[in-house]
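Counting with my numbering, you get residues 735 to 911 for the letters of the sequence shown.
Do not take every clue at face value.
Stated by the list, open to error - Cβ pair distances, simulated, as ranges: (1) Leu740 with Ala782: 12 to 20 Å; (2) Glu750 with Leu820: 30 to 38 Å; (3) Ser824 with Val851: 29 to 37 Å.
Just so you know, the hints here were simulated from the structure itself, not pulled from any lab data.
Where a beta carbon is used, it is the ideal one built from N, C-alpha and C, also for glycine.
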Amino acid sequence: AQIPQLLKILWRGSAEGLSLSSFLLQLYALSCPVVYAAANNFPFFAWAERLFTLAQTATIVFLILHYRGETLKGKLLLLGFGGVMLLLGSYAAAVVIEVMHTSTVAAFILSKAVQIVTNYHNGHTGQLSTLSLLLSCAGSLGAAIVSVQVFSEKQNPNRFSMFYTFLTCLAFLTPAL
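Please construct the entire structure, taking both the sequences and the accompanying hints into account.
Right, here's the structure in full:
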């Protein structure tokens, strides 16, 4: 869902209105499942899509810094982030990786909240891509539906928490458009 956002930044030559903190949180949230899958030796095809989305988000983080005139800072940030993720995937304790993986949903929600606050303070959405946001919501709805189906098979009493989380996020994100 990051391609429309990436293209909008490139076409406009600006990252105005985009919260660096929001995209850093997204970068973290997307890297957690990748680190988890790599550490648990999942087959590459099971997590390759996440890796591709992670690369797109890393590019957006770099472009935000680049258009702010901080190109070197962007390069160093991504180099350091990549090194940390490589070390975590290779050497981190299982409990650390599990906690990271569990924090993914919270990081995504927080990233959207940060962007909403940025939009409110700016009085506009800037270069925020509507299509990217809608695709993200559609993907979240799909994940929520699958989660509800999986959890209902296990008779988990919290099976609807993911679905309610999605609906709450959608309610907050729709005004951001």
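Consistency of the hints with the structure:
no.: 1; hint: Leu740 with Ala782: 12 to 20 Å; result: holds, 18 Å
no.: 2; hint: Glu750 with Leu820: 30 to 38 Å; result: holds, 32 Å
no.: 3; hint: Ser824 with Val851: 29 to 37 Å; result: holds, 36 Å
Going through the hint list in order, the structure satisfies each hint without exception.
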